[in-house]
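Add chain B to chain A, keeping to what the hints say.
So the chains spell out like this:
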Amino acid sequence: MTTTILFFGALKEITGSEKIDLQNIKDTEEVNEQLLQRYPLLKQKIYRIALNKKLIIKNELLNEGDIIALLPPFAGG
Amino acid sequence: MLSSKEIARYNRQILLPDFGTAGQKKLKQARILMIGAGGLGCAVLPYLTAAGVGTIGIVDFDTVDNSNLHRQPLYTTDDIGKQKVGCAVQRLAKQNEFVKFEAHPHELSNQNAIELFSNYDIIIDGTDNFASRYLINDACILLDKPLVYGAIHRFEGQVTVFNYGSNTEVKGPSYRCLFPEPPSANAFPDCSEAGVIGVLPGLIGLMQANETIKIITGIGDVLSGRLMMVNMLNMEFNTLHFNRNNEKNILSPASAEELKEYDYKLFCSRVNNT
Numbered sequence: 527m528t529t530t531i532l533f534f535g536a537l538k539e540i541t542g543s544e545k546i547d548l549q550n551i552k553d554t555e556e557v558n559e560q561l562l563q564r565y566p567l568l569k570q571k572i573y574r575i576a577l578n579k580k581l582i583i584k585n586e587l588l589n590e591g592d593i594i595a596l597l598p599p600f601a602g603g
Numbered sequence: 006m007l008s009s010k011e012i013a014r015y016n017r018q019i020l021l022p023d024f025g026t027a028g029q030k031k032l033k034q035a036r037i038l039m040i041g042a043g044g045l046g047c048a049v050l051p052y053l054t055a056a057g058v059g060t061i062g063i064v065d066f067d068t069v070d071n072s073n074l075h076r077q078p079l080y081t082t083d084d085i086g087k088q089k090v091g092c093a094v095q096r097l098a099k100q101n102e103f104v105k106f107e108a109h110p111h112e113l114s115n116q117n118a119i120e121l122f123s124n125y126d127i128i129i130d131g132t133d134n135f136a137s138r139y140l141i142n143d144a145c146i147l148l149d150k151p152l153v154y155g156a157i158h159r160f161e162g163q164v165t166v167f168n169y170g171s172n173t174e175v176k177g178p179s180y181r182c183l184f185p186e187p188p189s190a191n192a193f194p195d196c197s198e199a200g201v202i203g204v205l206p207g208l209i210g211l212m213q214a215n216e217t218i219k220i221i222t223g224i225g226d227v228l229s230g231r232l233m234m235v236n237m238l239n240m241e242f243n244t245l246h247f248n249r250n251n252e253k254n255i256l257s258p259a260s261a262e263e264l265k266e267y268d269y270k271l272f273c274s275r276v277n278n279t
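So the protein sequences, as listed, match chains A and B.
Reminder that position 9 of the first sequence reads as 535 in this note's numbering, one-by-one numbering, no gaps.
Reminder that position 186 of the second sequence reads as 191 in this note's numbering, one-by-one numbering, no gaps.
Isolated chain A, as found in the complex:
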């Protein structure tokens, strides 16, 4: 099962890419754990997680083809 992860804003500068695919992840909590392991600098950032374009407030189970987005706040004006 493939899950696509999109990175926005300054998070992209940590991951070095806008988009990655993760395999066989069961839920959004596991996505976060894997990402923090892969990109430890993400720990310093605040972000919200969106599943299929909806921000989540609790752990959600994933299905084939789900798209996750990591969304940081922006300060500039």
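No lab work stands behind these hints: they were computed from the structure.
Cβ coordinates follow ideal geometry from the N, Cα and C atoms, glycine included.
It is possible that some hints are incorrect.
[What the hints assert, rightly or not] To give a feel for the contact side, a few chain B residues facing chain A, derived at Cβ under 7 angstroms: (1) 41; (2) 43; (3) 45; (4) 101; (5) 104; (6) 131; (7) 132; (8) 133; (9) 134; (10) 135; (11) 156; (12) 163; (13) 188; (14) 245; (15) 246.
Chain B in isolation, oriented as in the chain A frame:
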């Protein structure tokens, strides 16, 4: 209410379905407050001035810097070193004599926010730091005013409307529903550290102006509960949906007195351990 000169001037938007002279009169009666006359403000202000918003307040304590000019086209080389609010009002007043401007050339703080916002119908956030953004959000919650939010980072922007909807309806989410936790002060750099493409605040500011006109005139669907994400490099526009979260909103000050005692700089400078 509208003079023949005004009806002629605004003819092309009065012609629009659902807009009409009724929409134009609503614009004329409206009082909006632009916080920040920087990149976002420089896009919002000339278009709301052109549209005929009756009263426009502008808050900014800053002066024009040479490095602002690539993205802040309200200002000229001659304006460097001058107060932004003064330059902006001077320029905008020439643009439309039917609009009244109120200059607030001082720093927004938790000591003056409530009094200042009370005089306006809609607040537009064009600031450049998290402490101001939480303060503006909380003051809008206390005063029950819609907040038109825009923010930028390098080639990307965000737009949404917070705290939208009358009390009889379900109130839309706030900034604290979207980002309950502030980042530490140095976790996300501002334009002076990160750089920014000049047209980005223009595009995001125009979207803020568009939402403001929609709120005033009642046309269309206001961008409430949806965060518009714009990427100028690949031209991908994503709309992310989010809900009101009352557990997060109660963390905002419960009264004007509490707001005056709330330390926003401290709130936004603590180390983020999540």
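These are the hints, each one checked on the structure:
Below 7 angstroms, beta-carbon pairs count as interface contacts, and residue 41 of chain B has one with chain A at about 5 angstroms; its hint therefore holds. The closest approach between the C-beta of residue 43 of chain B and any C-beta of chain A is roughly 5 angstroms, which is under the 7 angstroms cut-off, so the hint is satisfied. Proximity of residue 45 of chain B to chain A holds as hinted, the smallest CB-CB distance being about 5 angstroms (cut-off 7 angstroms). For residue 101 of chain B, the interface hint is violated, the least distance from its beta-carbon to any beta-carbon of chain A being 24 angstroms, above 7 angstroms.
With a least beta-carbon distance of about 22 angstroms to chain A, the hint placing residue 104 of chain B at the interface is violated under the 7 angstroms criterion. Nearest Cβ of chain A to the Cβ of residue 131 of chain B: about 5 angstroms, under the 7 angstroms cut. The hint holds. The criterion of a C-beta within 7 angstroms of any C-beta in chain A is met by residue 132 of chain B, whose closest approach is roughly 5 angstroms, and the hint holds. Evaluation of the residue 133 of chain B hint against chain A yields a held restraint, the C-beta minimum of about 4 angstroms falling below 7 angstroms.
Annotation: interface hint on residue 134 of chain B holds; nearest CB of chain A at approximately 6 angstroms, less than 7 angstroms. Hint on residue 135 of chain B holds. Least Cβ distance to chain A is approximately 6 angstroms, under the 7 angstroms limit. A cut of 7 angstroms between beta carbons decides the hint on residue 156 of chain B: the least distance to chain A is about 4 angstroms, and the hint holds. With 7 angstroms as the threshold, the beta carbon of residue 163 of chain B comes within range of chain A, its nearest partner Cβ sitting at about 5 angstroms, so the hint holds.
Because the beta carbon of residue 188 of chain B sits about 4 angstroms from the nearest beta carbon in chain A, less than 7 angstroms, this interface hint is met. At a threshold of 7 angstroms, the smallest CB-CB gap from residue 245 of chain B to chain A is about 5 angstroms, leaving the interface hint in force. Annotation: residue 246 of chain B was flagged as interfacial toward chain A, and the flag holds, the nearest CB pair being 5 angstroms apart, inside 7 angstroms.
The structure fails to meet hints 4 and 5 from the earlier list, while all remaining hints are met.
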